[in-house]
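Keeping their order, the protein sequence lines are chains U and D.
1 is the number of the first residue of the first sequence in this note's numbering; add one for each residue after it.
274 is the number of the first residue of the second sequence in this note's numbering; add one for each residue after it.
Hint data in this document are derived by calculation from the structure and do not stem from the laboratory.
Predicted, not measured: the structure shown is a model, and the values here were computed from it.
Don't take every hint at face value.
As the list claims (entries may be wrong) - With a straight-line cut-off of 27 Å between C-alpha atoms, the simulated BS3-like cross-links for lysine-lysine are:
#1 D:K410 to U:K226
#2 U:K68 to U:K12
#3 U:K188 to U:K64
#4 U:K229 to U:K172
#5 U:K125 to U:K64
#6 D:K410 to U:K188
#7 U:K132 to U:K173
#8 U:K229 to D:K363
#9 U:K265 to U:K229
#10 U:K226 to U:K173
#11 U:K12 to D:K320
#12 U:K12 to D:K363
#13 U:K188 to D:K416
#14 U:K203 to U:K188
#15 U:K172 to U:K141
#16 U:K128 to U:K265
As the list claims (entries may be wrong) - Beta-carbon label-pair distances, calculated as ranges:
#17 U:L77 to D:I412: 40 to 48 Å
#18 U:G49 to D:I299: 38 to 46 Å
#19 D:N300 to U:K64: 18 to 26 Å
Backbone N, C-alpha and C fix where the C-beta goes; we use that ideal spot for every residue, glycine too.
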Amino acid sequence: MQQIVNFIIRNKTFLLFLLLFSVSLLFTIQSHSYHKSKFVNSANFLSGGVYSASNNISDYFDLKEQNKILQEENNRLKSILFNNEGEVDSVYVDSSTFNGRYKFTSAQVIKNSYTQNNNLLTINKGAKDSIKQDLGVITSKGILGIIEDTNNNYATVLSVLNTTSRISAQLKKTNHFGSLTWNGLSEKYVQLTEIPEIAPVTKGDTIITSGRSDIFPKGIPIGIVKDFKLDSAENYYEIEVSLFNDMTNIEYVHIIENEDAGIIKTLIDKANE
Amino acid sequence: MNSILSVHTVRFVALALAQVLLLSHINFLGYVNPYLYILFVAFYPVKNNRMLFIFLSFLLGLSIDMFMDSGGMHAAATLTIAYIRPAALKFSFGTVYDHQSIKFDAMDIGQRMVYFSILTIIHHFILFSLDIFNFSKIILVLKNTLFSSIFTIILCVLISVIFSRANKK
Chain U
1 MQQIVNFIIR
11 NKTFLLFLLL
21 FSVSLLFTIQ
31 SHSYHKSKFV
41 NSANFLSGGV
51 YSASNNISDY
61 FDLKEQNKIL
71 QEENNRLKSI
81 LFNNEGEVDS
91 VYVDSSTFNG
101 RYKFTSAQVI
111 KNSYTQNNNL
121 LTINKGAKDS
131 IKQDLGVITS
141 KGILGIIEDT
151 NNNYATVLSV
161 LNTTSRISAQ
171 LKKTNHFGSL
181 TWNGLSEKYV
191 QLTEIPEIAP
201 VTKGDTIITS
211 GRSDIFPKGI
221 PIGIVKDFKL
231 DSAENYYEIE
241 VSLFNDMTNI
251 EYVHIIENED
261 AGIIKTLIDK
271 ANE
Chain D
274 MNSILSVHTV
284 RFVALALAQV
294 LLLSHINFLG
304 YVNPYLYILF
314 VAFYPVKNNR
324 MLFIFLSFLL
334 GLSIDMFMDS
344 GGMHAAATLT
354 IAYIRPAALK
364 FSFGTVYDHQ
374 SIKFDAMDIG
384 QRMVYFSILT
394 IIHHFILFSL
404 DIFNFSKIIL
414 VLKNTLFSSI
424 FTIILCVLIS
434 VIFSRANKK
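Pulled out of the complex, with its shape left as it was, chain U reads as follows (with noise of 0.2 Å):
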């Protein structure tokens, strides 16, 4: 007993760097896996409060930039809308589109980060504004993320340029689906996989979310095909994706809440009993 404790003394400095270094690779392998990071996360009062504070300041430089692109989708909106009202005017109401299925709520982002492996943004509504977890989160432009957790006043959000997101995504020509994911090297690009082999992928065709998760309604824009080739089995395509989106560049966001979510998982759960 007294040879142990002595162990213990001499080699405290030793021992406390163990525990510590330990401590911190399972945060850091926590971090790794989906839905994990429970302890260390930027959407708490202190980290949150110092990047909204930030952000209050910094945000006036982009005002510029981030009107331009409300204008250009009010342009979009009015356009779709007044070469529509021919239709929209009679008495006709399809109450599984207008009876509204997804909410947005609208949030601004006050942390971005784009160069890191797992990238996680960070968003300034929180569980206060009924923000949960698996809500799908997307720009004027694009697809942008899945919020990973919550806080009462802050978000974090797992962007699509995160190696551990998978999303459900289409051809927008074809109904062939695969999913979207990241291999980490840049920022402007991501990989559709699991395209079947027959779909005919041509260079430039538009990629869409395909609605078959219940994260995300179908046809909001994802990028489009900058480059694809036949994995090594040649069963599936691997397309390299554009992205709509400048990732570098997010200030305002929308976040859709499914609100079919919670009957459309019963049903799944009850099918894979």
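Place chain D on chain U using the hints.
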């Protein structure tokens, strides 16, 4: 003693804030960032309570992690350089270290550069290994380590020259 304590508290907070608000957003060439906060480890007094020093370094790394959503990789890297610092001191400053009387300001710039380089390269290597977390991408780890290290070392030397008390004669 009190002033030493407050100097290090201020340094801790200032370096952490500078890192998360400014330096991590430089993204030179798309991905190269300096990690200047390791200056806290480098400039911590040599005569110290080693347990406390190691714990403080861990805390600094963890607070950077909290801001950058990076799990525990900064904590692990900072902790390691804090633990091996005595060896780095001995290697770069030689016999002076044995008398425990190092004044960083009085040190020759070449020796100081060796000291910073050892700490920086080890720190960055651990950091990027944990970030990329994939043995097959070891080339990417080494590339990131090299470029970011150059950036960090240059900034460290500059800061240490600018804030040096030795030239105020």
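Results for each hint:
no., hint, verdict
1, D:K410 to U:K226, "holds (24 Å)"
2, U:K68 to U:K12, "violated (60 Å)"
3, U:K188 to U:K64, "holds (23 Å)"
4, U:K229 to U:K172, "holds (18 Å)"
5, U:K125 to U:K64, "holds (23 Å)"
6, D:K410 to U:K188, "holds (20 Å)"
7, U:K132 to U:K173, "violated (32 Å)"
8, U:K229 to D:K363, "violated (54 Å)"
9, U:K265 to U:K229, "violated (35 Å)"
10, U:K226 to U:K173, "holds (16 Å)"
11, U:K12 to D:K320, "holds (18 Å)"
12, U:K12 to D:K363, "holds (21 Å)"
13, U:K188 to D:K416, "holds (20 Å)"
14, U:K203 to U:K188, "holds (16 Å)"
15, U:K172 to U:K141, "holds (16 Å)"
16, U:K128 to U:K265, "holds (24 Å)"
17, U:L77 to D:I412: 40 to 48 Å, "holds (46 Å)"
18, U:G49 to D:I299: 38 to 46 Å, "violated (23 Å)"
19, D:N300 to U:K64: 18 to 26 Å, "holds (21 Å)"
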